[in-house]
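Number of protein chains: 2
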Amino acid sequence: MAFKFQINKQLRFNHRADLLKKADANRPLIHHQTVNGQALVKLTKDSTKLEKISAKKVGTMDDLANKKLTRDGKVIIDFGQHIVGQFKIHIAHTGSPMDSPLAFKIRFAEMPNELAHQASEYDGWLSKAWIQEETLHLDQLPVDLELPRRYSFRYVEIDVIDSSPKWQAVFSNPQAIAQSAVDRPTVSAPQLKDPLLKQIYQVGINTLHDCMQDVFEDGPKRDRRLWLGDLRLQALANYATFNNTKLVKRCLYLFGAMTTDDGRISANVFTNQGYVPDDTFMYDYSLFFISTLDDLLQHEDDPEILHDLYPIAKKQWSYIQSYIGKDGQVETDENYPVFVDWSNEFDKTSCGQAITIYALRQLIDLADRASDPDIATYRQQLQQLINYARTQLFDADKGFFISGVKKEINIATQVWMVLAHVLDDEANRQLMQQTVDQLFPVKGIATPYMYHHVTQALFEAGLNDEAIKLMKSYWGKMCQLGADTYWEAFEPEKPDFSPYGSPIVNSYCHAWSCTPVYLLKKYC
Amino acid sequence: MAFKFQINKQLRFNHRADLLKKADANRPLIHHQTVNGQALVKLTKDSTKLEKISAKKVGTMDDLANKKLTRDGKVIIDFGQHIVGQFKIHIAHTGSPMDSPLAFKIRFAEMPNELAHQASEYDGWLSKAWIQEETLHLDQLPVDLELPRRYSFRYVEIDVIDSSPKWQAVFSNPQAIAQSAVDRPTVSAPQLKDPLLKQIYQVGINTLHDCMQDVFEDGPKRDRRLWLGDLRLQALANYATFNNTKLVKRCLYLFGAMTTDDGRISANVFTNQGYVPDDTFMYDYSLFFISTLDDLLQHEDDPEILHDLYPIAKKQWSYIQSYIGKDGQVETDENYPVFVDWSNEFDKTSCGQAITIYALRQLIDLADRASDPDIATYRQQLQQLINYARTQLFDADKGFFISGVKKEINIATQVWMVLAHVLDDEANRQLMQQTVDQLFPVKGIATPYMYHHVTQALFEAGLNDEAIKLMKSYWGKMCQLGADTYWEAFEPEKPDFSPYGSPIVNSYCHAWSCTPVYLLKKYC
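Chains A and B supply the protein sequences, listed in that same order.
In this text, residue positions in the first sequence follow numbering that gives the first Met the number 0: the first is 0, and each later residue adds one.
In this text, residue positions in the second sequence follow numbering that gives the first Met the number 0: the first is 0, and each later residue adds one.
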């Protein structure tokens, strides 16, 4: 799975003060909750868990307070749940006077298997700076140590580098200050009888909760920013659960306020130090600005945001015109790639066509709300795009949509054609049934993001049993492997695989994977 | 060189509020001076320097500000002088938006050779926590980073763990905030014509300056506390240079205020978090409380401190009575060891005898100042101790003092007998001349502390040329090897030797080595 970093230094971005002001006005109040350390654990072999490693309880917090740690002394504290927030702990010393500083390493892990890997082993393309570990020197004890940075974790490993031969360190009262833009108790879960579905739902809630911060974050461990494609799914999951529409509006205003001077919306925005749009652009993500705005307005009418952001949604559409041929064929290039999934093992050309249709349907809804006379043109274009798909991309003999010059038949293409409703409902059902029969089991799809679309296409085509089966085998599998929150990347056929070369930089709480909470509420 | 940590948990210490208040009243105002980074350097082979490594200039601070550093990028900043203090630097980023934290390691070194060693190699008995390195993660740039801890350094190595493929870190304007209880310009150096002696003197001044902090510190890198034996030498060097007698008084009050409930003075006191006496005791160090008090009063009369601390000085004397036999023989044991030097390669029994005589002479001076009638007893004891030394420890045939059951003849014994003036001046001269002729070159002595006493004994016996020769070959050798300040331990016959297994924990600025400034002023 190659990934090409986009570096576009020459870009100029608008910073529309009026829209940024509205983004600020929708800034959430962050809720804080203190969580006490629950247990001391150690890593053990467990063939049922991720990387065959689980955390076994070996002591209590009282046991921790009774431990005298010196050179190479180590403990792992389990907080019993996934947390995004800060960490604090009381540290004292016992023995002779403190004739040296205390030095220790502290590592934060979302999953037990991360602790089986060392930072020194990692040499992948993602920044090593994301590895959640610190080395601390304390010149004075006792201290109530409160680390200034935010971490994403359930497990905290403390590894004493050294005290001195004359004294030992005593750690006690570890606490996490968990934070989120939303309160967990406000959610009313659907009535699910199946215990695995119940668990799938709950882990989804945990994931969404922990990613809802000052914006909808992608992954609180490592990708602490707002991505547009991910925002779309998080917003849908949010409407079905916490229903914090202000946070969605804030995010839409942020994207809308900072387009390039040629009108494009950046694929993501940094918000931890001012508001900074990234110099990365993706064709499908830009179009999902239209979708996300329309999804919001379908959920909650808001003439103000329609007035403010519809022109920007239109602009996305007008920008992509150069990629649409006269016959209605969509052809993107590598400067404006179609993402669809982390995997590059399948051809994405026809996904681009379908996503264009999917977004245009929502643009037409927005145009209708805005009483925009351009709606007629949009409707014409929609027909043209659909016609091209039906006549040029559908292989009637095989009963599948094809993609690219090699006329590849892949799952993603069928899925997006179904979601775009290029065919009628009965044809959609047939297409997905045939996809299940001939193309399943799913292989070579790397992300819950794409698995979401496969599952939704099954629901959308009326194949609810197949949808539930897939959900159980995918999100359920993560649960069985020990997930407290869902992961950025997961291929059930190779569960230990990391796209980055080491699980130490994997994101095991990633927003785009939380969608079972949306799908279960909408379709079950 | 073995070292046995003393751990005496059951001890009770007095904390005399009246004396601690006087220690506080003499607390120095710390002077701060901003020092800019001078050059970028790299390590090069240089057979004339310590561990055959020197630092070669490869750039300016402007070059630093123009460097774009990313994964594994490294620079070494040279401040051009040894500094005790804090470090600050401006860090910005260049390139795309900062899509990851910046992680880097920062190492502080007093000497270039330290940077050729890695913390991971070190497994000695001294705490690893002393190793001067930090690993930092910065979530936001630009920043004016000011590290909260104090370091002892000339060189600062910055080693970028990672930025990201999209941006680079830019470091600029490195500054040190040097601190000391004294101002360097207040010292008037003696007129020395010999350039090597001039350099020896200047490096001594630098050493003393950097060790004069909130107390006389032993070594600002790693042994940041007040040791009594070292205080004695620092105080003498201080009278000959900065002449800050308040700091000496503060230190004497600290020792005097916190004796054990049986009256002993601890060998050292921690002062960085309240005042805490260590549970380590050394026979000679306790007696040097008497010496240091008497040295002070010989330099500056002060009836108040005499009144306050003479009773505590007397108490040290009375405590050691159990170690003095009826015939005047001193025999200590391992519970109250005689230090003399880091080296355990020579017998220290007769050094104990001589140091007892040395201290008793100064106790008699104090008794005289205090008009204490016990002076008569002290004078009797002095004769007895001297008689024992002259009759039982001096081998008239060989013309040397012997030590221990094996009647060992070693340099340290002759030296301390001369310093204690057990023989008359002419006999002292003969003894030291014979020591030079038969026992030199000095071998197996590990510290400048003991070399100081050897050199002083040569001066005291009138062998000034030999004293200067030794000073040049010892302190001069450190200068030639690249010392900016003098070292805790140095054996010229094996210059690269570290008592701790790695130079990474060596202290290259250590108070007890600064005494050429005292000897050159007193004897030249």
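Mixed in with the good hints, there may be bad ones.
With the C-beta cut set under 8 Å, the calculated list includes, among others, these residues of chain A facing chain B [unchecked claim]:
# : residue
1 : Gln167
2 : Ser171
3 : Thr270
4 : Asn271
5 : Lys521
Chain A is faced by these chain B residues, among others (derived, beta-carbon under 8 Å) [what the hints assert, rightly or not]:
# : residue
6 : Lys73
7 : Trp124
8 : Arg360
Here are the simulated DSSO-like pairs of lysine-lysine, each with C-alpha atoms no more than 30 Å apart in a straight line [what the hints assert, rightly or not]:
#  : chain 1 : residue 1 : chain 2 : residue 2
9  : B       : Lys8      : A       : Lys66
10 : A       : Lys55     : A       : Lys197
11 : A       : Lys8      : B       : Lys165
12 : B       : Lys471    : B       : Lys51
13 : A       : Lys44     : A       : Lys56
14 : B       : Lys471    : A       : Lys104
15 : A       : Lys8      : B       : Lys67
16 : B       : Lys104    : A       : Lys87
17 : B       : Lys44     : A       : Lys104
18 : B       : Lys471    : A       : Lys20
19 : B       : Lys197    : A       : Lys104
20 : B       : Lys104    : A       : Lys8
21 : B       : Lys87     : A       : Lys87
22 : A       : Lys442    : A       : Lys397
23 : B       : Lys73     : A       : Lys104
24 : B       : Lys165    : A       : Lys314
25 : A       : Lys104    : B       : Lys104
26 : A       : Lys73     : B       : Lys104
27 : B       : Lys104    : A       : Lys67
28 : A       : Lys8      : B       : Lys73
29 : A       : Lys67     : A       : Lys8
30 : B       : Lys8      : A       : Lys67
31 : A       : Lys73     : B       : Lys66
32 : B       : Lys66     : A       : Lys8
33 : B       : Lys87     : A       : Lys104
34 : B       : Lys44     : B       : Lys197
It should be emphasised that the hints constitute simulated quantities derived from the structure, not laboratory data.
Keep in mind that this is a model prediction, so the values were computed, not measured.
From the three backbone atoms N, C-alpha and C, an ideal C-beta is built for every residue, glycine too.
Structure-based check of each hint:
no.	hint	in the structure
1	Gln167	11 Å, violated
2	Ser171	19 Å, violated
3	Thr270	11 Å, violated
4	Asn271	6 Å, holds
5	Lys521	33 Å, violated
6	Lys73	15 Å, violated
7	Trp124	6 Å, holds
8	Arg360	33 Å, violated
9	Lys8(B) - Lys66(A)	18 Å, holds
10	Lys55(A) - Lys197(A)	24 Å, holds
11	Lys8(A) - Lys165(B)	10 Å, holds
12	Lys471(B) - Lys51(B)	20 Å, holds
13	Lys44(A) - Lys56(A)	13 Å, holds
14	Lys471(B) - Lys104(A)	45 Å, violated
15	Lys8(A) - Lys67(B)	16 Å, holds
16	Lys104(B) - Lys87(A)	23 Å, holds
17	Lys44(B) - Lys104(A)	34 Å, violated
18	Lys471(B) - Lys20(A)	73 Å, violated
19	Lys197(B) - Lys104(A)	46 Å, violated
20	Lys104(B) - Lys8(A)	28 Å, holds
21	Lys87(B) - Lys87(A)	26 Å, holds
22	Lys442(A) - Lys397(A)	20 Å, holds
23	Lys73(B) - Lys104(A)	23 Å, holds
24	Lys165(B) - Lys314(A)	28 Å, holds
25	Lys104(A) - Lys104(B)	14 Å, holds
26	Lys73(A) - Lys104(B)	23 Å, holds
27	Lys104(B) - Lys67(A)	28 Å, holds
28	Lys8(A) - Lys73(B)	25 Å, holds
29	Lys67(A) - Lys8(A)	53 Å, violated
30	Lys8(B) - Lys67(A)	15 Å, holds
31	Lys73(A) - Lys66(B)	39 Å, violated
32	Lys66(B) - Lys8(A)	18 Å, holds
33	Lys87(B) - Lys104(A)	23 Å, holds
34	Lys44(B) - Lys197(B)	27 Å, holds
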